Amino acid sequence: MTGPVGIAIEGVSKRFGAVQALVDIDIHVKAGEFLALIGPSGCGKTTLLKCVSGLVAADGGRIVVGSRTVTGPGGREASLVFQDFALLPWATARENAEFGLLLRGAPAAERTAAARQALAKVGLAGSFEDAYPSQLSGGMQQRVGLARALAVNPQVLLMDEPFASIDEQTRRILQDDLLRLWSDERKTVVLVTHSMEEAIYLSDRVVVLSPRPGRVHRALDVPLPRPREALDVRASAEFARLVDELWQILKKMQ
Amino acid sequence: MTPLLTPEPAFDRAGLAALAGLLIVWEILGRLQLTIFIPSASSVAAAWWELLNNGTLLRSAGSSLFSLAKGFIPAAVLGVALGLAMGRFPTLREVLDGWINALMSAPLSALVPVLIALFGVRDTVVAATVFLFAFFVIVVNTMTGVRGTERSLVDMARSYGAGETALFARIYLPANTFLIPELYAVIVSVLVVALLCASVVQACERALVRWK
Ligand SMILES: Nc1ncnc2c1ncn2[C@@H]1O[C@H](COP(=O)(O)OP(=O)(O)O)[C@@H](O)[C@H]1O
Ligand SMILES: [Mg+2]
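Residue numbers (our numbering), protein chains in the order written: chain A, 1 to 254; chain B, 1 to 212.
Don't read these hints as lab results, they were simulated from the structure. Since the structure is predicted, the reported quantities are computational estimates derived from the model, not experimental observations. Built from N, CA and C at the ideal position, the CB exists for glycine as well. Among the hints, erroneous ones may be present.
Stated by the list, open to error - Cβ-Cβ distance ranges computed for the label pairs, FRET-style:
(1) A:Ala164 - B:Val112: 51 to 57 Å
(2) A:Pro211 - B:Leu173: 35 to 41 Å
(3) A:Arg186 - B:Arg93: 32 to 38 Å
(4) B:Ser105 - A:Thr71: 43 to 49 Å
(5) A:Gln135 - B:Gly21: 35 to 41 Å
(6) B:Met104 - A:Arg234: 56 to 62 Å
Said to hold, decoys possible - Chain A residues, not near chain B, derived (Cβ > 12 Å throughout):
(7) His28
(8) Lys50
(9) Arg62
(10) Gly75
(11) Ala113
(12) Leu179
(13) Ser195
(14) Pro225
(15) Pro227
(16) Asp232
(17) Arg234
(18) Leu250
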């Protein structure tokens, strides 16, 4: 597929009955950028990702992914990665990884080849293919979730707290693997997180959302050198300073 | 990167103890010879063994299985279809929910002896009985399952372009058939009850026609 694409979120609002979830959100994600979205629980992060993926229709404003204005779900530019992995419990890892292609009507041979390749990219080649989700640890399940997202070869990954329910040790490994994938594949990533360390460690820019109603509160650039997974960036003074700066922003927002 | 294979659930000792207790009580009641309608557990077992050896049990189990299937398969097909539709479409649910509940809680078991008295223990009566028992359970279970289907599975499928048909075929249907333990529970219980009934009836018969 062609190179990465940008995302334009312009004046997006969303109301659920009495709850104003999002107000006038403006975010421009550059092609190939790694953007983190952070904010307290209930501030509309998931809703915003669902708007970008077309699962939730915004009340106002518009969203353009690449050159396509989002009008509903099913766009081929972006794949979602879910906090609870959203794996089919009755299907094997390979069948799960194939699922996006299956829904898009790809022939069986092509599906299997793409799923195998995607599983290999996330470190799940060979015997894991035939394992069911219940036989896999949380970290491995999210690898399958990521493989499914990659198998359709999207230009954008929309990740909703993908590592939130995974233990710290495994999470760090997954974060490094994601950084490696991101630099190999040159995709645009929007990653929702509630972890300040994760936002700073992974992203080029952190957008802070304020709660009730969800608005863009501030954006913070993260000029840490890359490849961070190889440079031991977590141990640097600059990393600690940026995490603290983000913390000060979040603290003052309360 | 170690795969964590989940262990199978431990052997259910409590359930086994309860079963053993039941068998003992049954045996004692049978030995007391209060009535010929309660043959002792051991005589049932003996009858079972004999019928198994001379092939009668297999033959009648085969034919009961067949009439079970004649009731169960349509109940499963129609029940799953109606349950899926009711789970998915609120209007249909509102219209039919009351009816389904009323019919499900109606004393169907009271109807069975009437049917048998009218038509005898015929194939069709057995099939109709099984259908009536299974159908409503399957409708309600499927409907509940559809409504409780993981939101994120549905979102996931829709994000890859699944329309209503694909959602039914790829998410709601597999999520609510292959994985409904209740469905298997119904099948297994119906089978066990049917086989038990068959052997109790046989044992009673033997008790009644001792001179043979
Ligand atoms: N489908 C929905 N119906 C009604 N309210 C919703 C729905 N989805 C989200 N909300 C509400 O919108 C707000 C933002 O939710 P969400 O986007 O899930 O926040 P976050 O992901 O930041 O925790 C919350 O108050 C939530 O209760
Ligand atoms: Mg959320």
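Each hint tested on the structure:
1. A:Ala164 - B:Val112: 51 to 57 Å: Check passed, 53 Å falls within 51 to 57 Å.
2. A:Pro211 - B:Leu173: 35 to 41 Å: 39 Å, holds
3. A:Arg186 - B:Arg93: 32 to 38 Å: 47 Å, violated
4. B:Ser105 - A:Thr71: 43 to 49 Å: At 46 Å between Cβs, range holds.
5. A:Gln135 - B:Gly21: 35 to 41 Å: 36 Å, holds
6. B:Met104 - A:Arg234: 56 to 62 Å: 59 Å, holds
7. His28: Correct as stated: the minimum Cβ-Cβ distance to chain B is 22 Å, above 12 Å.
8. Lys50: Label violated. Min Cβ-Cβ 7 Å, cutoff 12 Å.
9. Arg62: 19 Å, holds
10. Gly75: The assertion about A:Gly75 is violated, with a minimum of 8 Å to chain B.
11. Ala113: At roughly 18 Å from the nearest Cβ of chain B, A:Ala113 sits farther out than 12 Å, so the non-interface label holds.
12. Leu179: 17 Å, holds
13. Ser195: Since the minimum Cβ distance to chain B is about 20 Å, A:Ser195 lies beyond 12 Å and the statement holds.
14. Pro225: 28 Å, holds
15. Pro227: Fine: 21 Å to the nearest Cβ keeps A:Pro227 off the interface.
16. Asp232: Label holds. Min Cβ-Cβ 21 Å, cutoff 12 Å.
17. Arg234: 21 Å, holds
18. Leu250: Given that every Cβ of chain B is farther than 12 Å from that of A:Leu250, nearest at about 27 Å, it holds.
Hint compliance for this structure: hints 3, 8, 10 are not met, and every other hint is.
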